[in-house]
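So the protein sequences, as listed, match chains L and D. Per the numbering used here, the first sequence starts with residue 292, numbered consecutively. Per the numbering used here, the second sequence starts with residue 292, numbered consecutively.
Each hint should be verified, as a subset may be incorrect.
Copies of the same chain are indistinguishable here, so a pair counts whether it falls within one copy or spans any two.
To be verified - Keeping only pairs whose Cα atoms sit at most 25 Å apart, straight-line, the calculated BS3-like set for lysine-lysine is:
1. Lys-487 x Lys-399
2. Lys-509 x Lys-425
3. Lys-400 x Lys-487
4. Lys-481 x Lys-400
5. Lys-509 x Lys-413
6. Lys-413 x Lys-325
7. Lys-436 x Lys-425
8. Lys-395 x Lys-526
9. Lys-384 x Lys-526
10. Lys-394 x Lys-425
11. Lys-509 x Lys-384
12. Lys-425 x Lys-395
13. Lys-374 x Lys-425
14. Lys-526 x Lys-399
No lab work stands behind these hints, which were simulated from the structure alone.
There are 2 protein chains.
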Amino acid sequence: MATQNLYGMRTGANGPENKSPLPRYYRIQMELRKQIESGGWLPGEMIPAESQIADNYGVSLGTVRRAIQDLVTDGLLYRMQGKGTLVAGTNLKRETLRYYRFKKDFAKKESSHQITLLSLEKIPGNADINQFLKVPEDMELYLLKRVFTRSGQSIVYSISYLPSGIVCGLEQLSRHRLERVPLYLTLENKYGIPTKENEELISVEPADAETAGVLHVKEGDALLRIDMLCFTYRKRPYEYRTSWCTTGAYKLVRTY
Amino acid sequence: MATQNLYGMRTGANGPENKSPLPRYYRIQMELRKQIESGGWLPGEMIPAESQIADNYGVSLGTVRRAIQDLVTDGLLYRMQGKGTLVAGTNLKRETLRYYRFKKDFAKKESSHQITLLSLEKIPGNADINQFLKVPEDMELYLLKRVFTRSGQSIVYSISYLPSGIVCGLEQLSRHRLERVPLYLTLENKYGIPTKENEELISVEPADAETAGVLHVKEGDALLRIDMLCFTYRKRPYEYRTSWCTTGAYKLVRTY
Numbered sequence: 292m293a294t295q296n297l298y299g300m301r302t303g304a305n306g307p308e309n310k311s312p313l314p315r316y317y318r319i320q321m322e323l324r325k326q327i328e329s330g331g332w333l334p335g336e337m338i339p340a341e342s343q344i345a346d347n348y349g350v351s352l353g354t355v356r357r358a359i360q361d362l363v364t365d366g367l368l369y370r371m372q373g374k375g376t377l378v379a380g381t382n383l384k385r386e387t388l389r390y391y392r393f394k395k396d397f398a399k400k401e402s403s404h405q406i407t408l409l410s411l412e413k414i415p416g417n418a419d420i421n422q423f424l425k426v427p428e429d430m431e432l433y434l435l436k437r438v439f440t441r442s443g444q445s446i447v448y449s450i451s452y453l454p455s456g457i458v459c460g461l462e463q464l465s466r467h468r469l470e471r472v473p474l475y476l477t478l479e480n481k482y483g484i485p486t487k488e489n490e491e492l493i494s495v496e497p498a499d500a501e502t503a504g505v506l507h508v509k510e511g512d513a514l515l516r517i518d519m520l521c522f523t524y525r526k527r528p529y530e531y532r533t534s535w536c537t538t539g540a541y542k543l544v545r546t547y
Numbered sequence: 292m293a294t295q296n297l298y299g300m301r302t303g304a305n306g307p308e309n310k311s312p313l314p315r316y317y318r319i320q321m322e323l324r325k326q327i328e329s330g331g332w333l334p335g336e337m338i339p340a341e342s343q344i345a346d347n348y349g350v351s352l353g354t355v356r357r358a359i360q361d362l363v364t365d366g367l368l369y370r371m372q373g374k375g376t377l378v379a380g381t382n383l384k385r386e387t388l389r390y391y392r393f394k395k396d397f398a399k400k401e402s403s404h405q406i407t408l409l410s411l412e413k414i415p416g417n418a419d420i421n422q423f424l425k426v427p428e429d430m431e432l433y434l435l436k437r438v439f440t441r442s443g444q445s446i447v448y449s450i451s452y453l454p455s456g457i458v459c460g461l462e463q464l465s466r467h468r469l470e471r472v473p474l475y476l477t478l479e480n481k482y483g484i485p486t487k488e489n490e491e492l493i494s495v496e497p498a499d500a501e502t503a504g505v506l507h508v509k510e511g512d513a514l515l516r517i518d519m520l521c522f523t524y525r526k527r528p529y530e531y532r533t534s535w536c537t538t539g540a541y542k543l544v545r546t547y
């Protein structure tokens with residue numbers, strides 16, 4: 292009879308010790324991957340010792356090591372000298388995660404900014420946005436509006452949509468946290484949602500009335516618009532964000 | 292007396308077998324790195340066998356393996372199963388190197404484009420641009436103007452500046468090559484200059500008369516402007532490029 296082991300993996304009739312067209316290390320890798328992607332093991336957490344995993348799955352240490360090495364190569368795990376193997380979480384370059392970097396010229400330093408929370412509310416699902424976010428059309432969304440300022444001047448109006456089913460209780464976050472901690476970091480630490488990939492669509496668009504008001508420009512003025520979709524494990528989108536940026540002396544920085 | 296070995300590394304009095312505050316594997320790593328960054332070993336080339344390197348430097352195989360592993364981790368070398376260790380060259384993601392990706396929406400496919408060469412000429416150095424490119428102010432530059440079209444419509448006007456001291460003889464490239472092969476690939480294959488990093492400054496700017504003419508828009512119309520600096524080994528810039536893009540239904544894609 293099949294039984295559930297410590298990791299929720301079925302052993303026995305369908306366990307890894309049975310005949311299967313897939314190599315053993317690969318099946319163990321899939322199990323560990325599931326463990327990470329389901330949030331069973333959270334970003335920053337240490338995973339059990341290799342010997343313990345080997346015992347639990349009834350496979351050799353070599354099989355476990357190969358499975359873990361593959362997950363390290365894929366960026367899902369990382370090794371820390373003298374500590375063990377940890378869940379990687381967000382592993383994009385730190386500078387890449389600072390979405391609003393601006394500088395005057397290549398040789399100049401990046402400017403710094405402050406964040407002000409304008410509003411955070413729950414709204415009904417929106418056909419287009421829920422489709423981008425790959426959630427049911429009737430799922431409510433959190434709508435988070437923030438403005439980024441440089442030397443007291445508004446430079447970015449940022450409007451984020453997050454599925455209520457993924458980040459439930461977002462409205463309980465303090466203003467302090469929303470203004471001082473990068474959103475991706477809060478989502479990783481509070482919800483176990485690491486950022487694995489982002490896609491941006493960049494265009495020039497005339498300011499609508501609301502945006503013009505926030506950025507103190509004239510309605511219809513040309514602004515830089517960034518539509519961003521943020522992804523966590525298994526290319527699952529967790530945030531859709533529209534950013535309206537003024538670019539005069541300062542330009543948006545992207546490095547890769 | 293000091294002698295030069297096969298790789299131009301001094302052995303004897305100052306060679307790696309002497310006392311030094313740096314660990315042996317690190318000194319070997321620096322020597323191999325120099326070999327790569329100087330173009331002694333070109334992108335795509337296989338490096339000598341580990342045993343041969345060990346012999347040549349008079350160090351153990353373990354020392355060579357550790358040095359090579361570090362260079363693999365740094366992305367300067369890569370291993371090919373059953374073949375050997377090769378010089379990595381450009382190792383940015385292939386999609387990242389397609390600078391002019393456009394799509395209508397997240398769910399849509401990227402559009403394709405064609406390149407037309409407008410001109411390629413040598414011009415005197417320019418104070419600002421030569422400073423970005425970190426070459427002497429009086430070094431001549433290649434000025435390459437291209438237009439990118441989608442379904443016959445001009446969408447990007449691209450103006451590249453390349454130092455004549457780095458890419459000498461660029462004017463001998465055929466029109467066919469300049470219109471059919473991505474420029475980064477030509478520079479890697481013909482000049483051994485791999486692309487290691489790019490920096491972009493993105494802004495909204497009114498079209499000047501020349502750009503308006505090329506893109507068939509009105510002078511003063513707001514366009515998306517990308518200033519790009521491309522870097523090869525040791526963060527050495529090899530190209531400064533200004534791109535003027537029209538973004539209407541199609542938006543510029545950036546992923547990371």
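Hints and how they fare:
In this assembly of identical chains, the alpha carbons of Lys-487 and Lys-399 lie at most 25 Å apart only when taken from different copies (21 Å versus 29 Å within one copy). Neither within a single protomer nor between protomers do Lys-509 and Lys-425 lie at most 25 Å apart by alpha-carbon distance, with minima of 35 Å and 39 Å respectively. Taking the shortest Cα distances, Lys-400 and Lys-487 sit within 25 Å of each other only across copies (21 Å), while inside one copy they are farther apart (27 Å). For a Cα distance limit of 25 Å, the shortest separation of Lys-481 from Lys-400 qualifies neither inside one copy, at 32 Å, nor across copies, at 34 Å.
In the homo-oligomer, the alpha carbons of Lys-509 and Lys-413 never lie at most 25 Å apart, since the shortest distance is 29 Å inside one protomer and 43 Å across protomers. Proximity of Lys-413 and Lys-325 under a CA criterion of 25 Å is satisfied in neither setting, with 31 Å inside one chain copy and 57 Å between copies. In this homomeric assembly, Lys-436 and Lys-425 come within 25 Å of each other (Cα to Cα) only inside a single copy, at 21 Å, whereas the closest approach across copies is 41 Å. In the homo-oligomer, the alpha carbons of Lys-395 and Lys-526 lie at most 25 Å apart only across protomers (20 Å), although the nearest pairing inside one protomer, at 34 Å, exceeds that limit.
Within a single copy, Lys-384 and Lys-526 get their C-alpha atoms as close as 18 Å, and across copies as close as 17 Å, so both meet the 25 Å cut-off. Proximity of Lys-394 and Lys-425 under a CA criterion of 25 Å is satisfied inter-copy only: 19 Å between copies versus 35 Å inside one chain copy. For the identical chains of this complex, Lys-509 and Lys-384 are neighbours neither inside a copy (36 Å) nor across copies (39 Å), given an alpha-carbon limit of 25 Å. Taking the closest pair of Cα atoms, Lys-425 and Lys-395 come within 25 Å of each other only across two copies (18 Å); inside a single copy the shortest separation is 38 Å, beyond that limit.
For a Cα distance limit of 25 Å, the shortest separation of Lys-374 from Lys-425 qualifies neither inside one copy, at 38 Å, nor across copies, at 43 Å. For the homomeric pair Lys-526 and Lys-399, the shortest alpha-carbon distance between copies (16 Å) is at most 25 Å, but the shortest distance inside one copy (35 Å) is not.
When the structure is compared with the earlier hints, violations turn up for hints 2, 4, 5, 6, 11 and 13 and for no others.
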